[in-house]
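*Asks:* Sequence:
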Amino acid sequence: MGIKGAAYATIIGQIASLVISIIYFTRTKTFKLTKESFKINFGIFKNVIKLGVSTFITQMSIVAISLICNIMLAKYGALSKYGADIPIAVIGIAMKVFSIVINIIVGLIVGAQPILGYNYGAKNIDRVKETFKKVVIIATIIGIVFTIIFELWPSLIISIFGTSKKLYMEFAILTFRLFLMLVTFTCLIKLCSIFFQTVGEPLKATIVSLTRDIVCFIPLVIILPRFMGIKGVLLAAPIADILGIIVTIILVVMFFHNLAKQTKTEEDIDYQNSKSGVIITIAREHGSQGKAIGELVAKKLNIPYYYKEMVSLAAKESGLNKEFVSNINKSQDILHELYLTTAPVKYAIAAQEKAINMIASKGSCVLVGRAADYVLRNNPDLIKVFIYANLDYKIANVMKMYGDTKEKAKKNVLKSDKNRASYYEIISGQKWNDPQNYDICLDASLGKEKTAEIICEYVKKKLQ
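Residue numbers for the sequence shown follow my numbering, so the first one is 9 and each next one is one higher.
Bear in mind the hints are in silico, worked out from the structure with no lab data behind them.
Misleading hints may appear alongside valid ones.
To be verified - Using 35 angstroms as the maximum straight-line C-alpha spacing, the simulated DSBU-like pairs for lysine-lysine come out as follows:
(1) K47 x K299
(2) K104 x K47
(3) K37 x K299
(4) K283 x K324
(5) K458 x K308
(6) K316 x K419
(7) K370 x K419
(8) K308 x K104
(9) K54 x K137
(10) K47 x K439
(11) K299 x K142
(12) K458 x K469
(13) K40 x K54
(14) K423 x K37
(15) K307 x K142
(16) K299 x K362
(17) K439 x K362
(18) K408 x K456
(19) K307 x K174
(20) K40 x K104
(21) K419 x K439
(22) K468 x K307
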């Protein structure tokens, strides 16, 4: 069919891709698309644009590079023995071959994105480093293999696109050996740009994309030919690769250095042995002083108290970052149910439940929050307490504890209680503040001491 066949093949490929995408999005397991799904949320839209701007710049820079490169090749090619047509034809072939190499690298890093993204979100930095290191090693090997092919056997690749006159082959071989000399660096620059997008660093991703293509290559491809002729156009690429890889390495080293500072090893916390007796779980509204009340109860009964310790133990069990485990009960404003089904979150929840059960197996204690009452629901020694208070009381406490304004304190109280309720209901299928789910519900406005005393009296009667 000649050129028509190529056109028809392109159209058929696009239609087939569309059909496959539609089938996939109508048969998803973790979410369902509805009319509401297509309403634009500008908060999300803004983040998508920030993360996608690097790819947009890369695509636009390819257009700019091709345009300027062709202009310079035509100009300086006409002044050389090759003429204007041969350089433009050859560079087109070189760019096509180069795009195959780059697409392999893009496939590699995009395939690693779920691993990198999940573990970065879970603050499992060792796994991020391990995955990134493996991807870089594989990309380097791929780049070196293609570099060897381009340097030693360029004529084999060129012959795929047909043979031509001696001058054509001479320039084609020169192009592959010079223009694609440091394709390994180009691969690593592209890989790191997508990596920075994956870990939510759009600025670094943009800098990496801009440095090699816009900041370095375009000025070089304009300046070098003035001194070196047509070879200057070809040498602009490897020189831009060297400058680009230097900037990329600096940004990657800075990123992982800062990451290491943010994720220092948590203090060594272990399970405490206790006397046999009741396990007291305390669920509480934000600002009700439930933590302080739980601590008083533990002190009065002379038993261990667990609050942040549960998070640390869960982090220790799972190998996840303490901050990530601590935040899993913070409801996501959008798709929070989907968020709770993601691999690292489910892993963190399982580790948290394991830690809570282990704590309970060590004897009598007080546990505050983390849906511990639901986790230990089958424990015969369990006493479930819910601490609440009126809104004004909670606002006043939050203002005192955090120095918030009244308006900000109210907003934080309502948001925090909503988050806790949402997390609890998704985990347990039960209502968080339903009195029927607890053995005793107390109004904290009685005061910390009085509320703690009532709980202790209840425990003593329960043990009689």
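*Asks:* Each of the hints needs a verdict: does it hold here or not?
*Replies:* How the hints compare with the structure:
no., hint, verdict
1, K47 x K299, "violated, 41 angstroms"
2, K104 x K47, "violated, 39 angstroms"
3, K37 x K299, "violated, 39 angstroms"
4, K283 x K324, "holds, 24 angstroms"
5, K458 x K308, "holds, 12 angstroms"
6, K316 x K419, "holds, 24 angstroms"
7, K370 x K419, "violated, 39 angstroms"
8, K308 x K104, "violated, 76 angstroms"
9, K54 x K137, "holds, 28 angstroms"
10, K47 x K439, "holds, 30 angstroms"
11, K299 x K142, "violated, 44 angstroms"
12, K458 x K469, "holds, 17 angstroms"
13, K40 x K54, "holds, 23 angstroms"
14, K423 x K37, "holds, 29 angstroms"
15, K307 x K142, "violated, 50 angstroms"
16, K299 x K362, "holds, 22 angstroms"
17, K439 x K362, "holds, 23 angstroms"
18, K408 x K456, "holds, 15 angstroms"
19, K307 x K174, "violated, 91 angstroms"
20, K40 x K104, "violated, 39 angstroms"
21, K419 x K439, "holds, 21 angstroms"
22, K468 x K307, "holds, 14 angstroms"
In summary, the structure is inconsistent with hints 1, 2, 3, 7, 8, 11, 15, 19, 20 from the numbered list given earlier, while agreeing with the others.
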